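J.: So you can see what is in the structure, the chains are spelled out below.
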Amino acid sequence: MKINELSRIPALAYRRFGRWLFLPFILATIASAYSLSRLVVSGDVSQEMPARDPYVRDARLDAEHFLPNDFTIVSVGIVDGDSAAALSRVASLSDELRRLQGVGQVVSAATVADLRVSADEIGFQKLFRAGSSEQETRALVSTLQGTPIFQEFLISRDASAFSIYVFADSRTSSKSLVPRIESICAQGADREVRVLGKGSFASYVERTLVPDLVLLGSIAMAIILVFEIALTRSLLVGAILWVTTLLPSVWTLGLFPPLGLRLSTQTICIPLIILALSTTYGIHLFRYLALGRNPAVGTALSDISPVILAAGFTTILGFLSLLGSPLREIRVMGAMLMVGIALAVASSLFLLPVLFASVRIPRLPGLRGASSIARLSLSRLVPYAFAAAMLALLVGVAFIHNEYRPERYLSRRTALARTIEYFSDRYGGVNELELIVDTGRENGLVDPSVFEGMRGLQRDLAGFRSVSHVVSYTQFVEWVHGRLAGNGDPAAPSSESAIGESLELLSYGTSGWGMGFLVDRPYRRAKLVVRFGEYRSSPAEAARALSSLIAGIGQSVRQRLPDAQYAILGEPVVSLRRLAYMIRGQLSGVAIYFFLLYFYAALYFRSWRWPLIAMLPSACGVVVYLGVMGWVQVPLSSVTTMSIAAVMGVGVDDVLCLITFYRARRAHSATEQALEETMQMSGSAIIQTTLIIVLALLALLFSRYAAFVQTSLLAGFTFLCCTAVTIVVVPGCIRRLRGTGS
Amino acid sequence: MTGKLCALAAVLGLCAAATAFPQTAEQIVLRTSLFGDARNVSAKITMELKGKTGARERGLEVFIARDRGEARVLIHMVSPAFLSQMKFLTHRSASGEASSWLRTSQGVRKLSRSNGTERVFDSDFTVEDLTETDVDEFEATLLADAEIDSVSCHAVELKPKFRTQYERKVMYVQMRGSGLQGIDFLDERSGLIRQYRLLETRLADGVPFPSLSVMRDLRGGTETLLRVRELDTTTVLPEKTFNKGNL
Chain A
1 MKINELSRIP ALAYRRFGRW LFLPFILATI ASAYSLSRLV VSGDVSQEMP
51 ARDPYVRDAR LDAEHFLPND FTIVSVGIVD GDSAAALSRV ASLSDELRRL
101 QGVGQVVSAA TVADLRVSAD EIGFQKLFRA GSSEQETRAL VSTLQGTPIF
151 QEFLISRDAS AFSIYVFADS RTSSKSLVPR IESICAQGAD REVRVLGKGS
201 FASYVERTLV PDLVLLGSIA MAIILVFEIA LTRSLLVGAI LWVTTLLPSV
251 WTLGLFPPLG LRLSTQTICI PLIILALSTT YGIHLFRYLA LGRNPAVGTA
301 LSDISPVILA AGFTTILGFL SLLGSPLREI RVMGAMLMVG IALAVASSLF
351 LLPVLFASVR IPRLPGLRGA SSIARLSLSR LVPYAFAAAM LALLVGVAFI
401 HNEYRPERYL SRRTALARTI EYFSDRYGGV NELELIVDTG RENGLVDPSV
451 FEGMRGLQRD LAGFRSVSHV VSYTQFVEWV HGRLAGNGDP AAPSSESAIG
501 ESLELLSYGT SGWGMGFLVD RPYRRAKLVV RFGEYRSSPA EAARALSSLI
551 AGIGQSVRQR LPDAQYAILG EPVVSLRRLA YMIRGQLSGV AIYFFLLYFY
601 AALYFRSWRW PLIAMLPSAC GVVVYLGVMG WVQVPLSSVT TMSIAAVMGV
651 GVDDVLCLIT FYRARRAHSA TEQALEETMQ MSGSAIIQTT LIIVLALLAL
701 LFSRYAAFVQ TSLLAGFTFL CCTAVTIVVV PGCIRRLRGT GS
Chain B
1 MTGKLCALAA VLGLCAAATA FPQTAEQIVL RTSLFGDARN VSAKITMELK
51 GKTGARERGL EVFIARDRGE ARVLIHMVSP AFLSQMKFLT HRSASGEASS
101 WLRTSQGVRK LSRSNGTERV FDSDFTVEDL TETDVDEFEA TLLADAEIDS
151 VSCHAVELKP KFRTQYERKV MYVQMRGSGL QGIDFLDERS GLIRQYRLLE
201 TRLADGVPFP SLSVMRDLRG GTETLLRVRE LDTTTVLPEK TFNKGNL
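Chains A and B supply the protein sequences, listed in that same order. Each step along the first sequence adds one to the number in the working numbering, with nothing skipped, and position 281 is 281. Each step along the second sequence adds one to the number in the working numbering, with nothing skipped, and position 138 is 138.
One chain only, chain A, in its complex shape:
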């Protein structure tokens, strides 16, 4: 079957089945409504990577040999220098948190023990005793501040708050603990108590995702409804357009539960993107009917179906580019967006005509400024201005940077962003890298030369500008050994026995310090936790600092422990590697897209030159999108990267419409006249569809997630640029291609 023959199906179906075409859509809507009740929300940010990536192997080794470094920190602020009151609050909170179901361990000034060693006595003694006198409390604060290991863990970096570490037990995730911890901490109505953990982001997302979807969806729907009523100048026709725009999102979302998909920070944009993009197809049909040349719906459908199908197909092609991604969730998103757009096209070609047939379509004039736009496109400045803009934007592409900090996905006005800022300021950052060093032999960590190497490594890492905190087993061993040696200060042991005994003592009885997240059981591997703070840095600075830190870690390990193997893990590394996969997938996706688009357009136009013109807005869209990203420092993230597919797919819709109408007019008129008629005929639809997409995307400005806000502005601006290229630059190209004569 030829491509153009496909476009006859809607008109044939309309004539054959008439209003009964309504029925499958009603059934689909009922099924979706039922399915939506089973929609599962997940706050987990995907950390999935291709199985062949070495990180996956390293992460598996980490999980096999170390306890998860998965804790929630409760920060109890010291108000007006009253350490005693803060300590008392720490004690009561620690007690309450310890009794919380799912909590495995609580580490705080009120729970940990100090190793007290005298000439003939040794023992771990709790630092804090309930009912201590003011003098005792002052002595305790002094001990905390005077012992490096306590100072490092139990007090914030600026000494303005005490810390409580809450570890989940083996059967509980910290994500599920966070809301309960927050609830306990909120009971005292103490504003100086803040909670942040690795599960905080996921917990926050789970609590806010559905309200966000409802809010953003409602705003987008309201914008679309108002716009469509204004556009059609009829409440009823506007409402019909609105319903057929809304339903594809509902149907797509309804497919989530049966396909086992969850609503997450990544998949939430699927219904919103479909909602925004599906507005265009119905408008094409409406404009065609409203111009009054072919009042019969069936006839209009015959004429406009090729344009709608072509526009839908090219948008699907855009999302097809996501299927080449090495990351599964991007492929799933691409597939769902393709399904959503196919449903939107089906809604416009099969459901909308039935509804339009039952109402009177108001007659509207063509585009009023068509001749002005035509004059503008004739200007000789246009090609130069266009080329200069493209050049400038291409330069901007060089300034694009990755964003590895998930906390920066959040809008700064959110409560969680403020909490992250609080912790970042007081604790020297919230990002952590984990360095795993494998000595290659059992009990390798008690070898004095390895121990010395690890100490040197710890010092090297602590010397990096952005690093605020390095945790290593060597600090604990030095602390214990210093105490055992009769000296209060940490001391480096020099024999295997001294190192081994210190490690054994740390695992012994009531020490309160678990070593399982720093040392594996056979004393073969150690983990160093590196906390670094780049919260206030720009994405470019943060990315550079991270790259230099990773390179520095590798260099230091090779120098200090030449025989050891090492791996660098942590969320920042995962984010960077995932972004690299996304970019690689997107680059190959862009190449495949333009290759497929050319062949599709060549078949559609039966020409090898028209496809080149048709590709122009999409190509410009990609350059604008990436160039603006670079110039205004919008970082590459999963959401911003994925939107390139939408830009490519939508950018080509209008130009297909324009060329189709132009070629129809060109058969009877001179180039100039054909262009002016084309502009009058399709110009309104082109501008209106772009405006409605841009306005619908503006709903994302109300999102809690900064990436969505950035994407809405970036994509909106790019769509406007694509339309400008379509109505100003493309006619100029057509003139050059065809000449101005008849």
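Incorrect hints may appear among the rest.
[Unchecked claim] So these bits of chain A aren't anywhere near chain B, every CB distance computed over 12 Å:
1) V40
2) V107
3) F124
4) E136
5) R233
6) G552
7) M615
8) A664
9) T671
10) Q673
[Said to hold, decoys possible] Take a look, some chain A residues computed to stay more than 12 Å from chain B by CB distance:
11) L67
12) S424
13) P522
14) P562
15) A564
16) F702
[As the list claims (entries may be wrong)] Selected chain B positions facing chain A (in silico; Cβ < 10 Å):
17) L49
18) K52
19) T53
20) G54
21) Q85
22) K110
23) F209
24) G220
25) G221
Honestly, the hints are just simulated from the structure, not real lab data. Because the structure is a prediction, the values reported are computed rather than measured. Built from N, CA and C at the ideal position, the CB exists for glycine as well.
Chain A is already provided as a structure; the job is to place chain B on it using the hints.
T.: Below, chain B without anything else, positioned relative to chain A:
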């Protein structure tokens, strides 16, 4: 002859009656411990510490002496070699008071505030687990008999009178032989915290002893296998073995 038969019948009757009498919880628990009820125990043990982060083995020599409610335990870590200077000694008096000493390469020191509930090195066993249960320190209640790993057992619930990590423990004592088949340590919500189970038994001098047992920490996801390689319950251990001066 008739008299002898009558006497035998009487003895048998008494025995039967004695076994038929319901034992009290205290009687069942009395002198029940991981290493049976021998007064002197010398054992070479391999302790296998398993957890999510791998496994490590420790070779131990354990010496236990019990007498009229008193217990003394000496644990010497013999392997790996770099820990061979570590020894752990505990004296528990009849009144339940405990004193412990630790030897390291830095000398011998008394462990302050020891009450026997600390874990032995990095294992899931505590000193309390290794010594016999002092019934005076607990409120004992006899529960319904239970079957643990197909072995019929008396079940005794013990609520400690001292502060410890658990709220109560249920000891499962074999009906035949009074060996300890298992212990469940429960928290205030009756959630299982730790669990001891006897896995294998061997005979030493005609007396069965646990050759392989396991203590699982269900919260921490760890377990400690105690493999008794050698056991001597006949040799009387000299007093100096448990002298802190000899550590």
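J.: Quick check for students: does the CB of F124(A) sit more than 12 Å from each CB in chain B?
T.: Violated, since 8 Å does not exceed 12 Å.
J.: Closest CB-CB distance from L67(A) to chain B, is it above 12 Å?
T.: Given a closest Cβ separation of 6 Å, the condition is violated.
J.: Answer holds if the nearest beta-carbon of chain A is closer than 10 Å to that of K52(B); otherwise answer violated.
T.: holds (6 Å)
J.: Is it correct that the beta-carbon of V107(A) has no partner in chain B closer than or equal to 12 Å?
T.: Answer for V107(A): holds, closest chain B Cβ roughly 14 Å.
J.: Any CB of chain A closer than 10 Å to the CB of T53(B)?
T.: Given a least distance of 5 Å, the restraint on T53(B) holds.
J.: So, Q85(B) near chain A? Judge it on the closest CB pair being under 10 Å.
T.: At 6 Å from the nearest chain A Cβ, Q85(B) passes the 10 Å test, so the hint holds.
J.: The output says M615(A) does not contact chain B. Does that hold with a beta carbon cutoff of 12 Å?
T.: Non-interface label stands for M615(A): nearest chain B Cβ at 55 Å, farther than 12 Å.
J.: Does the interface hint hold: is G220(B) within less than 10 Å of chain A, judged Cβ to Cβ?
T.: Holds: closest Cβ of chain A sits about 7 Å from G220(B), inside 10 Å.
J.: Double-check G54(B) for me: the hint is only fine if its C-beta lies closer than 10 Å to a C-beta in chain A.
T.: holds (4 Å)
J.: Test the statement that F702(A) is away from the interface with chain B: the closest C-beta pair must be farther apart than 12 Å.
T.: holds (43 Å)
J.: Quick check for students: does the CB of S424(A) sit more than 12 Å from each CB in chain B?
T.: The assertion about S424(A) holds, with a minimum of 30 Å to chain B.
J.: Let me know if the C-beta of F209(B) comes in closer than 10 Å to any C-beta of chain A, holds or violated.
T.: violated (27 Å)
Hint compliance for this structure: hints 3, 11, 13, 23 are broken, all remaining hints hold.
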